[in-house]
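Participant: Let chain E serve as the given structure and place chain R on it in line with the hints.
For reference, the chains in residue letters:
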Amino acid sequence: MANYIVKRILLFFPTVLIISFVVFFIIQLPPGDYVNSLVASRTAEGEIFTEDDINELREQYGLDDPWYVQYGNWVKGIVTEGDFGYSFSYGRPVWSVIMDRLSLTIIVTFTIMIFTYLVSLPIGIYSATHQYSPGDYIATTIGFLGMATPNFLLAIMLMYLSFKWTGDPLLGLFSTEMLQEGVHLYNFGEFLQRMIIPTIVIGTSGTCGIIRTVRAQMLDEQAQQYALTARAKGVSEAVITYKYCLRAALNPVVSGMAGSLSSLFSGSTISAIVMNLAIQGPVLFESLKSQDMYLAGTIVLVQAILVVIGTLLSDIVLAWMDPRIRFTTERG
Amino acid sequence: MNHINDTGNDVVVDVRDLKINIHLEEGTLTAVRGIDFTIKKGETLGLVGESGCGKSLTSKAILGINDRKCKAEGEVFFTTTTNGTVDLFQLDPRGKEIRGVRGKQISMIFQEPMVAFSPMYTIGNQINECTRLHITKDKKKSKEISLEMMKKVGIANAEKRYDQYPHEFSGGMLQRALIAMALVCKPKLLIADEPTTALDVTIQAQILELMKELQKDIGMAILFITHDLGTVAKMCDRVAVMYLGKIVETAPVEEIYANPQHPYTKGLIGSVHKIGTKKDKLFSIEGTVPLALNLPEGCGFYERCNERIEGLCNVKEPLPESIKDGHILCCHAHRKDKSSEGTKVSTEPIKKETLAKKEAQPAEKAKQANMEPVGTKKAGVQAGVTADIMNPVLETAKKAEGMSGEIGTAYQEGGKNE
Chain E
1 MANYIVKRIL LFFPTVLIIS FVVFFIIQLP PGDYVNSLVA SRTAEGEIFT
51 EDDINELREQ YGLDDPWYVQ YGNWVKGIVT EGDFGYSFSY GRPVWSVIMD
101 RLSLTIIVTF TIMIFTYLVS LPIGIYSATH QYSPGDYIAT TIGFLGMATP
151 NFLLAIMLMY LSFKWTGDPL LGLFSTEMLQ EGVHLYNFGE FLQRMIIPTI
201 VIGTSGTCGI IRTVRAQMLD EQAQQYALTA RAKGVSEAVI TYKYCLRAAL
251 NPVVSGMAGS LSSLFSGSTI SAIVMNLAIQ GPVLFESLKS QDMYLAGTIV
301 LVQAILVVIG TLLSDIVLAW MDPRIRFTTE RG
Chain R
1 MNHINDTGND VVVDVRDLKI NIHLEEGTLT AVRGIDFTIK KGETLGLVGE
51 SGCGKSLTSK AILGINDRKC KAEGEVFFTT TTNGTVDLFQ LDPRGKEIRG
101 VRGKQISMIF QEPMVAFSPM YTIGNQINEC TRLHITKDKK KSKEISLEMM
151 KKVGIANAEK RYDQYPHEFS GGMLQRALIA MALVCKPKLL IADEPTTALD
201 VTIQAQILEL MKELQKDIGM AILFITHDLG TVAKMCDRVA VMYLGKIVET
251 APVEEIYANP QHPYTKGLIG SVHKIGTKKD KLFSIEGTVP LALNLPEGCG
301 FYERCNERIE GLCNVKEPLP ESIKDGHILC CHAHRKDKSS EGTKVSTEPI
351 KKETLAKKEA QPAEKAKQAN MEPVGTKKAG VQAGVTADIM NPVLETAKKA
401 EGMSGEIGTA YQEGGKNE
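So the sequence lines, in the order shown, correspond to chains E and R. When the count follows our numbering, it moves up by one through the first sequence with no breaks and lands on 332 for the last residue. When the count follows our numbering, it moves up by one through the second sequence with no breaks and lands on 418 for the last residue.
The following block holds chain R by itself, in its conformation from the complex:
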């Protein structure tokens, strides 16, 4: 692995060659296929990509809180406050050491605040649990700290709210409470997993503002996971674009908007406004589900790419390469040194008919059959795709987290459409 990661002193977290395999009945699904990134102190890294590309899994893997079915490999170096730099993956996922990191040094905000709190206990109890675990056992003091944090995130009437239950809170207030819970221990790294997706637009802006303010206050690093490029522009310093379990392009935020290189990044940025690109989106989901179970050789984006080089892109996996200061890219078509490998530069995405022809080839067909043991599954996925057309591009991508959950959603939608 060629090391492209920054290893300066102010690096908070350094993820190297992270892979996540999910063991399903259908086989092993490699959801994250070796990604590297670092986040510096006070920096916000945006992790962008469609749903199912492995963003959420990546974030949970850092904390070691993924489902038992998901096996993560690689290294996550984190500079702890007590033990220096530690590879979090070497720690026992149920042990005391990692629990001292979780919530205190790295904390997390989740996508759906409505279900992130237990309905059985008061908000105060649940925030205070964090304070008591990591800061002080003193009941009075910890309650004071928790209350102070609640006020800081803008929960009015905090004393009264402290003793209320989650069902007495609105979604926006719950997200504030969740942020309070995540930040009460002043963590070095905050992982925000689509923190505003479930909120309505006016609340979204407030929550983002709040997060930025608190970041300045505490000086923490943020890993900001989203599919919404608008939010990225507002929040992030650097952006990593993920596609099919890989980071395909990393660049400072201005650079990514001004000078996107990877065809997928271009597509993403283009698709925010252009309705015409919906067709690409439709295409993508059709490809994604079987691909993740049975990965093709070469670039994962090959079939959707409009700049693909036949004989190169579908043969050799593009490796990350620094094309400019801080701009890292995985793409054969945009390499600095454009050698004349490959035969043909195609400008059109592979059309459906071409795909169908391909499927008709016996070898391909057998492969296809292997990938999709149950007939209804394909129908389900396709129906899921049709459902997607109804929604604005990218907005559909919220849904559940974790690969298995997403597949399940697709099936459900399929059922509805039949």
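Bound-form chain E, shown alone:
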């Protein structure tokens, strides 16, 4: 087992290096660069740029080198100084831009993740143990609807409803006063209130997906011979469900968690834009639009690293949970 983990960690570095290369390559692919989009937007505002001005800007931003030189410098900066480059549009180092929204992003997405699993696991289990009961039908129907409804549409609907009932669309995570005074204990309740819509909106599709996975898996496991053996032993239904079936049914749920670590960092971009949430997703979107390549590159790189770490973690958890996987990892 330890061998396996060490091997996986060693594999981590080349993987990340390759990812960073691919990321950088793709981000510089579109024609033009940040200077082009800057000049375009300034020209639209009435400023006049000469060829020399543009070249000077390019030199200033270090965009006159070929892309692989830029990539080399970027990686060198990251490895030697932990410097992820400079964000052109924010006019600050990339890392400080990311740190701005990091804590809030983690709070929001972590809440959503907990919500997702707390809601979906019990419903999925109930659905499977009470197959074809009214409760199962309701859960299945809501599951289908929730998976099929686009998040942003749900966001608009909920904001409309909240505006109609409370007179406040609950846009964004902070009210104007909160932005001025900061979040304190006395207005924490309001913050929680403002979390409700984002949680439902962003959590719904994930929740419904997990309900469906858990239900299907549990039904599969319940039909297995070992469940019958356990019943013939005199084991109670609850033990059969939780000790035997659920344990085996959790594998796909755990491997599904691998991706959620990176969505913690920058997921649900469209919903965040619609609901005006100050989390990482919209930043990535903006940076890609304005070809703010170091910012975009860094966010995508961090995402990729989180996917790799998430996969490693979920593999370790799987090996810990399932003796069959453990067995093959010990051998291999």
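The hints are all genuine.
Covered by chain E, per the in silico footprint, the following chain R stretches (three or more residues, Cβ under 8 angstroms):
id: 1; stretch: 104-111
id: 2; stretch: 128-139
id: 3; stretch: 159-168
Keep in mind the hints are simulated off the structure, nothing from the lab. Since this is a predicted model, take the numbers as computed values, not measurements. C-beta: ideal position from N, C-alpha, C; glycine also.
Facilitator: Here is chain R on its own, set in the frame of chain E:
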């Protein structure tokens, strides 16, 4: 119901008029159509029949662990250690009382040991679960008891094996472990549902020997379910032959081999050696699937029978009758009092052409159409039959348990053959 069941003091289980209905989309399938049997202390009753005749369903019904789709009716009187004689069907199938019976007083060994254990827990954990539920909560003591049982069933190196997972065991060892799990509480009745079918021949003999030894040790009764008459001769005291959800003949084991009465029993015993009887087998499966969904009047074996009496066998269901001490038979052709009911004694099984003619009759045709709503289904069943010819007679009968599962298998094979 005329009571043919023995009701002596040493009767462990007394099954009366057991019926099992399976609710499928195609309709209700009566898989078991009213069977009676008793098993005495220390006795082994063999339940023999083709696959799909309801053996496995019967065994699971006794414990109340059948699928929710299967509804069992009737009475199963079991002499419990605590509450005297109880009708197990009156107990809540999820309740505490029946759970106290399962595993402790009646336990079960399954056909495929490879899938009978959860892959997630060690063998020791799963055997010990039984001990902890029924004998002692004391961790150390229960582990000792479990280990002792594992050694008893011949698992070498039991201490090490205790902490291993099912995927680290061979099939034969898993069956031993399954037996250990079933016997750790020293049950009064052991239900063995084709315990050796999935094992290779040398292991089969070992496992049967082991079961016999342990039976002597514990003094338990065994309900031994199989399609293999060779195994029956080795294991059983009495044999009940099941056909299409009914017990057609019950007799002591020597009697059934020396003096089989029912044409089906004769066929079974004959078919062990004779290759020529394969044709009968082919015939049988073709008939079985639609029949179970839409039962004909009279004897279920009528169409395959070579001693059938037209006008009697296809009109009136033969009732069980004791023809000798301990030999019970359901057959018009072999009744003690052979009255001249019926018109003709036919000696040939109904041939396929005759059947085809019958199908051509409008009424029959409509009936047939009702029974088989989907066209592909029939093709599937027939293809399944052709697949059967390839295999030695009776060996094909292992497969899955439960009617629905078996039908599914037939379809799958059909698909392959097309």
